[in-house]
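**Q** As a plain string of letters, each chain reads:
There are 2 protein chains.
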Amino acid sequence: MAKDKKVAGPEARLPKGFRDIRAAELSATRAMLDTIRRVYETYGFEELETPAIEYTDALGKFLPDQDRPNEGVFSFTDDDEQWLSLRYDLTAPLARFVAENYQSLPKPFRRYATGTVYRNEKPGPGRFRQFTQFDADTVGTESLAADAEICMLAADTLEALGIARGDYVIKVNNRKLLDGLLESVGVNLSDHVARLAVLRSLDKLDKFSREDVALLLGPGRKDESGDFTKGAGLGEKQIAVLLDFVMQPKLSRSERDAIVRTAGFEPVDAFGDGLAELDQIGELVEKAGYGADRIRIDFSVVRGLEYYTGPVFEAELTFEVKDEQGNKVRFGSVGGGGRYDGLVERFLGQKVPATGFSIGVSRLQAALGVLKGSAAADVAPQGPVVVLIMDKGELPRYQKMAQMLRSAGIRAEMYLGTSGMKAQMKYADRRGAPCVVIQGSDERAKGEVQIKDLIEGAKAAAAIADNKEWKESRPAQVSVKEEDLVATVREIIARHGGAD
Amino acid sequence: MAKDKKVAGPEARLPKGFRDIRAAELSATRAMLDTIRRVYETYGFEELETPAIEYTDALGKFLPDQDRPNEGVFSFTDDDEQWLSLRYDLTAPLARFVAENYQSLPKPFRRYATGTVYRNEKPGPGRFRQFTQFDADTVGTESLAADAEICMLAADTLEALGIARGDYVIKVNNRKLLDGLLESVGVNLSDHVARLAVLRSLDKLDKFSREDVALLLGPGRKDESGDFTKGAGLGEKQIAVLLDFVMQPKLSRSERDAIVRTAGFEPVDAFGDGLAELDQIGELVEKAGYGADRIRIDFSVVRGLEYYTGPVFEAELTFEVKDEQGNKVRFGSVGGGGRYDGLVERFLGQKVPATGFSIGVSRLQAALGVLKGSAAADVAPQGPVVVLIMDKGELPRYQKMAQMLRSAGIRAEMYLGTSGMKAQMKYADRRGAPCVVIQGSDERAKGEVQIKDLIEGAKAAAAIADNKEWKESRPAQVSVKEEDLVATVREIIARHGGAD
Chain D
1 MAKDKKVAGP EARLPKGFRD IRAAELSATR AMLDTIRRVY ETYGFEELET
51 PAIEYTDALG KFLPDQDRPN EGVFSFTDDD EQWLSLRYDL TAPLARFVAE
101 NYQSLPKPFR RYATGTVYRN EKPGPGRFRQ FTQFDADTVG TESLAADAEI
151 CMLAADTLEA LGIARGDYVI KVNNRKLLDG LLESVGVNLS DHVARLAVLR
201 SLDKLDKFSR EDVALLLGPG RKDESGDFTK GAGLGEKQIA VLLDFVMQPK
251 LSRSERDAIV RTAGFEPVDA FGDGLAELDQ IGELVEKAGY GADRIRIDFS
301 VVRGLEYYTG PVFEAELTFE VKDEQGNKVR FGSVGGGGRY DGLVERFLGQ
351 KVPATGFSIG VSRLQAALGV LKGSAAADVA PQGPVVVLIM DKGELPRYQK
401 MAQMLRSAGI RAEMYLGTSG MKAQMKYADR RGAPCVVIQG SDERAKGEVQ
451 IKDLIEGAKA AAAIADNKEW KESRPAQVSV KEEDLVATVR EIIARHGGAD
Chain E
1 MAKDKKVAGP EARLPKGFRD IRAAELSATR AMLDTIRRVY ETYGFEELET
51 PAIEYTDALG KFLPDQDRPN EGVFSFTDDD EQWLSLRYDL TAPLARFVAE
101 NYQSLPKPFR RYATGTVYRN EKPGPGRFRQ FTQFDADTVG TESLAADAEI
151 CMLAADTLEA LGIARGDYVI KVNNRKLLDG LLESVGVNLS DHVARLAVLR
201 SLDKLDKFSR EDVALLLGPG RKDESGDFTK GAGLGEKQIA VLLDFVMQPK
251 LSRSERDAIV RTAGFEPVDA FGDGLAELDQ IGELVEKAGY GADRIRIDFS
301 VVRGLEYYTG PVFEAELTFE VKDEQGNKVR FGSVGGGGRY DGLVERFLGQ
351 KVPATGFSIG VSRLQAALGV LKGSAAADVA PQGPVVVLIM DKGELPRYQK
401 MAQMLRSAGI RAEMYLGTSG MKAQMKYADR RGAPCVVIQG SDERAKGEVQ
451 IKDLIEGAKA AAAIADNKEW KESRPAQVSV KEEDLVATVR EIIARHGGAD
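In the order they appear, the protein sequences are chains D and E.
The first sequence: position 243 = 243 (this note's numbering), numbered continuously.
The second sequence: position 420 = 420 (this note's numbering), numbered continuously.
In case anyone wonders, no lab produced these hints; they're calculated from the structure.
Note that the structure is a prediction, hence the values are computed from the model and not measured.
Treat the hints with care, as some may be off.
[As the list claims (entries may be wrong)] Below are the BS3-like pairs computed for lysine-lysine, each with C-alpha atoms no more than 30 Å apart in a straight line: (1) E:422 x E:481; (2) E:328 x D:400; (3) E:287 x E:107; (4) E:107 x D:16; (5) D:16 x D:287; (6) E:250 x D:400; (7) E:481 x E:446; (8) D:351 x E:422; (9) D:422 x E:351; (10) D:392 x E:287; (11) D:287 x E:207; (12) D:426 x E:287; (13) D:446 x E:287; (14) D:230 x D:204; (15) E:426 x E:452; (16) E:351 x D:16; (17) E:400 x E:204; (18) E:16 x D:351; (19) E:107 x D:426; (20) E:452 x D:400; (21) E:171 x E:452; (22) E:207 x E:237; (23) D:426 x E:351; (24) E:452 x E:400; (25) D:400 x D:122.
Just chain D, with the same shape it has in the complex (with noise of 0.2 Å):
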C-alpha cells in the first residue's frame, strides 16, 4: 500500500472526466432505465450484457496505419502483450458478439442493452468520459421496416417518460445522401479519414454557428480555450454547397441538384437510392399512425460515426431552454443511430447488415429534469427514521427498535455514532429522517418512548415567529407506549406523504 511508499497520503481527487452519482439522481435515473427497458421488451427486444474490455482489434479503434489505439480510447496490454481497450460504444461490442456467435442466434438477432462506455477525450461542461448508453439493435436485415421500427420505437419510448407529443421529434436522414453531396462536390469517399472529417463537420451545426463550422470544413478553428481542431480542407465552393444544402430540412431534387449546379458541380446519381429508402421507412411509419409531428425526414441529420450506410436517426428535444449565455435554444438532441451494415462482416467477411439506436441516458435525464422542474429533480428522497442514542449502555435496545421498524417495512437506523443529542439531531436533519425516536431513562423507566417529528418541527420553528401558540396548540413531539412506536411512526410517515 502506498503507506509504504510515501509518508503523505495521496490527494483525495477524480480524474477530470469523471464524476460520482448520489442517490437522488440514482434513483431517478433507475426509473428512466426501467421504463426505457419496458417499451424496448414490449418491442421483442432481448436484452445482452458485454463486458466493458475488449480486443482493441475487435472494436476496430486502432489508428490508419499503425500498430498502436487510437487516442480517442483507454487502452492497455494483456498479458500477452495485446491490445485491450474499455468499450467507446455499445455497438461494436455487439457486433463482436453476433459474429462470435453467429450459427446460434435467432436471425434477425434483436437486442437491447445499457451500460457504461469510455472516452479518451477531452473532458468539458456536461460532457464526460464515462457515461451511459441505452441501445436497441437489430442485427441480420436489410429490410427498412428495422429502420421504421427503430423510428416508432424511439418516439415511443420518449412518450413513456413523459414527453409530449410535440415536445420531441425523431428525424430520419440517409447517409447515401449525404456521400452523392460529397461525391458530387469532389470529395474522394474511398479517403476514409476525409469522409469522416467532413462528415463530423457538418455534425456540428446543432452547436456551431455555420461560420464554425465553415472554419472546421476548410482551414480548421481554434476554440475560446485556444485549442486548435485540424479542418477538413475543402475548398470555399465545396463549403458553401454542402452547408447550403444540410441547413435546409426540406428540398425537392429539383432544388438540391440546383444548389450543386451553380457552384459549379455535377449532381451524382446516388441521391437516388436515398430518397427511395426514405419514402419507404415514411410510409412504413405513416400507415402505423406515425405522423410527421412524431417522426420525420429531414435532410439535416447527419451524425458523427463514419460506420453508418444508410439511413440515419435523431431524437431531438423541440422545447426551448436556457443555454449558458441565456439565450433560448432548442435542448437538441437526445439520441441517434443508423443502419450500418459492414460492422459485423468485418469479422465474418459476409455480409450482415444492421441497423439500431442509442439513447445518451444523461443527457435524457436532464431533458427529464427540465421538464418537472429542475427543483423537483433534486429533492432527495426522504431518509430513515432515526433511533437516537441517549444511554450507550442501551445500544441493544435501541438496535431491537431500530429492527421493529425495518421489520415493519420502515427505514430506519439506530445512530452509529459516538456523539451527544445536538449532532445526532443535526445527523437526523441531513439524512432527510422524518422522525427519530429517543428514549431516556425516564421514558424507559415508563416503557414509553418520544417520538419527534422533524418535519413538522422544522414548520413550527419556521412560524413561532410570529405565532408562538401554534407551537403549543400542534407539539411536534408525543410519548407514545413502546408497542405503539411503530404505528406512530407509520402515521407520521403517511402525513408526510412518504412511502415506507
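With chain D's structure known, arrange chain E on it following the hints.
**A** Structure of chain E alone, referenced to chain D:
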C-alpha cells in the same frame, strides 16, 4: 478502421476471463439486486455510484517501493502521464469519496453501492476478471454496533432472497486475534507483505487441503497447471500452530494459549481486545433477536484483504453441492467484509474508522440457482408474439398488427428478416414466441388472421405419434377476426402462464 490495415478482419473473440451475459440471467440478476437494494435501504443506507476509473494512488495499488501499479489491476496513463486504474473493489473508491467530501457528509456516512470491479488476475473456471459486487459500508464510527448491524443486514438479505434459516450462517472473527496469533509465533506484523502472505494463505483453507495451505505458508506450492505460488516462508512449527488454531472454530482462551505454548512459543496479550470486541458484537446481535443459528463467532474466519483492522465477517451458505469431482461440499462463502479503520486516514491524515460488507453477486446468484434447481434458473422468459410476413407488399399492415399488440401491453414484433415461411416459424420458435400471427391473402380478404399457438402446437407434435386424433380435436391454430386479435393472443399467453 482495421479494414484499412489488413486484408483479413479481426477475430471475433472475448479476452480471457470476460463473458457475455444473456437475457435470462440478466433478468434473474436484476430481481436479486432489487431485493438486496430494498433490504439495504430499509437499514438506512443510501446509494452512491463512483466511476470505474480512479487515480492509481487513490486506490492504493502501487507496488511497494516502485512507481508502477500493482499487476493485479488494469492500469494506463492519462494525457498528463498520471497512472489511472480500473477499480479493484468498491471500498477504495468509497474511501476516496469520503475523504474528498468529508466536510459535507452526514457522519456516520452510510452508503451502499453496486457495480462492476476488475481484476487483472489469472482467470479460471468461475473466476472472471470483471464481476459485480454489492457493498454496504458505515464510515465514521468506532461503534461496534455498526459491525453488529452489518451482520444483521447480511442475515436479513440472505433470508429476503429466499435462503432458509439454517442454510446460511454469518461468521464473525476479529483480525486482532489473528494478529495476536501471528505475533505469538514470531511473524513481524510491521512487514505488511509477509503478514498479508500469511493471511491470504490461511484464507485458502476453504478451498485447499491442510497440506496445500501448509505449502503456501511454507516453501510454496505448484498448482495443477504447473504454476508456482511463492510461499510465506514460515517454519514447520509456526505452520502447525497457525493451522491448529484457525481450523477450529471454537477454542477457549486457555486452549488457545496451550496450542501456542506446546509448540514452544509464548502467547502475546493482543488476543484480549479482539475477544472483548467479539463478545460485544455477540451481545448486540443476540439481543436484537439473531441467534447463533444465524450469526456466530468463528475463529476460522480470516479474509484475504490486508486492510482489515478489527472484526471480520463471512457470509457462508451451509447447504451441500457437488464439486467438480462429484464430492459433496458446502456451497461456501458468498460475501464478506470487516472493519478497516485506516483507509480514509490515508487521505485525510485523520482517523476515520469504517466497517462494511460486500456480496459477490454472481456467486450468490449461482447459489440461488442451486436452491431453485439449476433448470429453473436457465429457463428463458417467454418471448414476444411474432407477426409473420406472408406478403412483402403488406409490411405496413403487419407492422400495425404488432403495434396493436404492443399498445395492449403485449410483447410483439413483426418478423424483420427476408426469409420464407419455414425460416420464420423457426425464428419464432428460437425466440420462445407463445404464438405467431399469420395473414395471407385469403385471410386478408375476409378481414381475418390465423393465430398459431406454438406451445400447444409443440405438445400436439410430441403426442401425435400415439394419438393422432388429439391434434384434430384440439387444434393449435385458430382463425379470428382482425378486431379479436388482441383478445385472442392475450388468452393464449394467459393459458401458458406468461405475463404480458
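**Q** Next, verify each hint and record whether it holds.
**A** Tested hints:
Distance hint between residue 422 (chain E) and residue 481 (chain E) is fulfilled; the C-alpha atoms sit about 24 Å from each other, no more than 30 Å. A threshold of 30 Å between alpha carbons decides the hint, and for residue 328 (chain E) with residue 400 (chain D) the separation of about 38 Å lies outside it, so the pair is violated. Distance hint between residue 287 (chain E) and residue 107 (chain E) is fulfilled; the C-alpha atoms sit about 25 Å from each other, no more than 30 Å. Among the hinted pairs, residue 107 (chain E) with residue 16 (chain D) is consistent with the structure: their alpha-carbon atoms are about 27 Å apart, no more than 30 Å.
Taking the CA atoms of residue 16 (chain D) and residue 287 (chain D), the gap is near 48 Å; set against the 30 Å cutoff, the hint is violated. Taking the CA atoms of residue 250 (chain E) and residue 400 (chain D), the gap is near 28 Å; set against the 30 Å cutoff, the hint holds. Only pairs whose Cα atoms come within 30 Å are accepted, and residue 481 (chain E) paired with residue 446 (chain E) is accepted, the gap being roughly 8 Å. Under the criterion of a C-alpha separation no larger than 30 Å, the hint pairing residue 351 (chain D) with residue 422 (chain E) is consistent with the structure, at around 22 Å.
Using a Cα cut-off of 30 Å, the hinted pair residue 422 (chain D) and residue 351 (chain E) holds, with the two alpha carbons roughly 22 Å apart. Restraint check for residue 392 (chain D) and residue 287 (chain E): the C-alpha separation of about 15 Å stays at or below 30 Å, so the hint holds. Distance check on the hinted pair: residue 287 (chain D) and residue 207 (chain E) sit about 63 Å apart at the alpha-carbon level, beyond 30 Å; violated. Of the supplied pair hints, the one linking residue 426 (chain D) and residue 287 (chain E) holds, its CA atoms being roughly 28 Å apart against a limit of 30 Å.
For the hint linking residue 446 (chain D) to residue 287 (chain E), the alpha-carbon distance of about 20 Å falls within 30 Å, and the restraint holds. With a CA separation close to 14 Å, the supplied pair residue 230 (chain D) and residue 204 (chain D) stays within the 30 Å bound. Between residue 426 (chain E) and residue 452 (chain E) the CA atoms are separated by roughly 13 Å; this keeps the pair inside 30 Å, and the hint holds. Note on residue 351 (chain E) and residue 16 (chain D): the hinted pairing holds, with a Cα-Cα distance of about 28 Å set against a maximum of 30 Å.
Restraint check: the Cα-Cα separation between residue 400 (chain E) and residue 204 (chain E) comes to about 60 Å, which exceeds 30 Å; the hinted pair is violated. Between residue 16 (chain E) and residue 351 (chain D) the CA atoms are separated by roughly 28 Å; this keeps the pair inside 30 Å, and the hint holds. A threshold of 30 Å between alpha carbons decides the hint, and for residue 107 (chain E) with residue 426 (chain D) the separation of about 10 Å falls inside it, so the pair holds. Restraint check for residue 452 (chain E) and residue 400 (chain D): the C-alpha separation of about 58 Å exceeds 30 Å, so the hint is violated.
In summary, the hint linking residue 171 (chain E) to residue 452 (chain E) is not supported, as the alpha carbons are separated by about 55 Å, beyond the 30 Å threshold. Between residue 207 (chain E) and residue 237 (chain E) the CA atoms are separated by roughly 23 Å; this keeps the pair inside 30 Å, and the hint holds. For a cut-off of 30 Å, the pair hint linking residue 426 (chain D) to residue 351 (chain E) stands: about 21 Å separates their Cα positions. Taken as a hint, the residue 452 (chain E) and residue 400 (chain E) pair is honoured in the structure, with Cα atoms around 19 Å apart against an allowance of 30 Å.
Simply put, residue 400 (chain D) and residue 122 (chain D) have alpha-carbon atoms about 52 Å apart, too far for the 30 Å limit, and the pair is violated.
Hints 2, 5, 11, 17, 20, 21, 25 from the list above are not met by this structure, while the remaining hints are.
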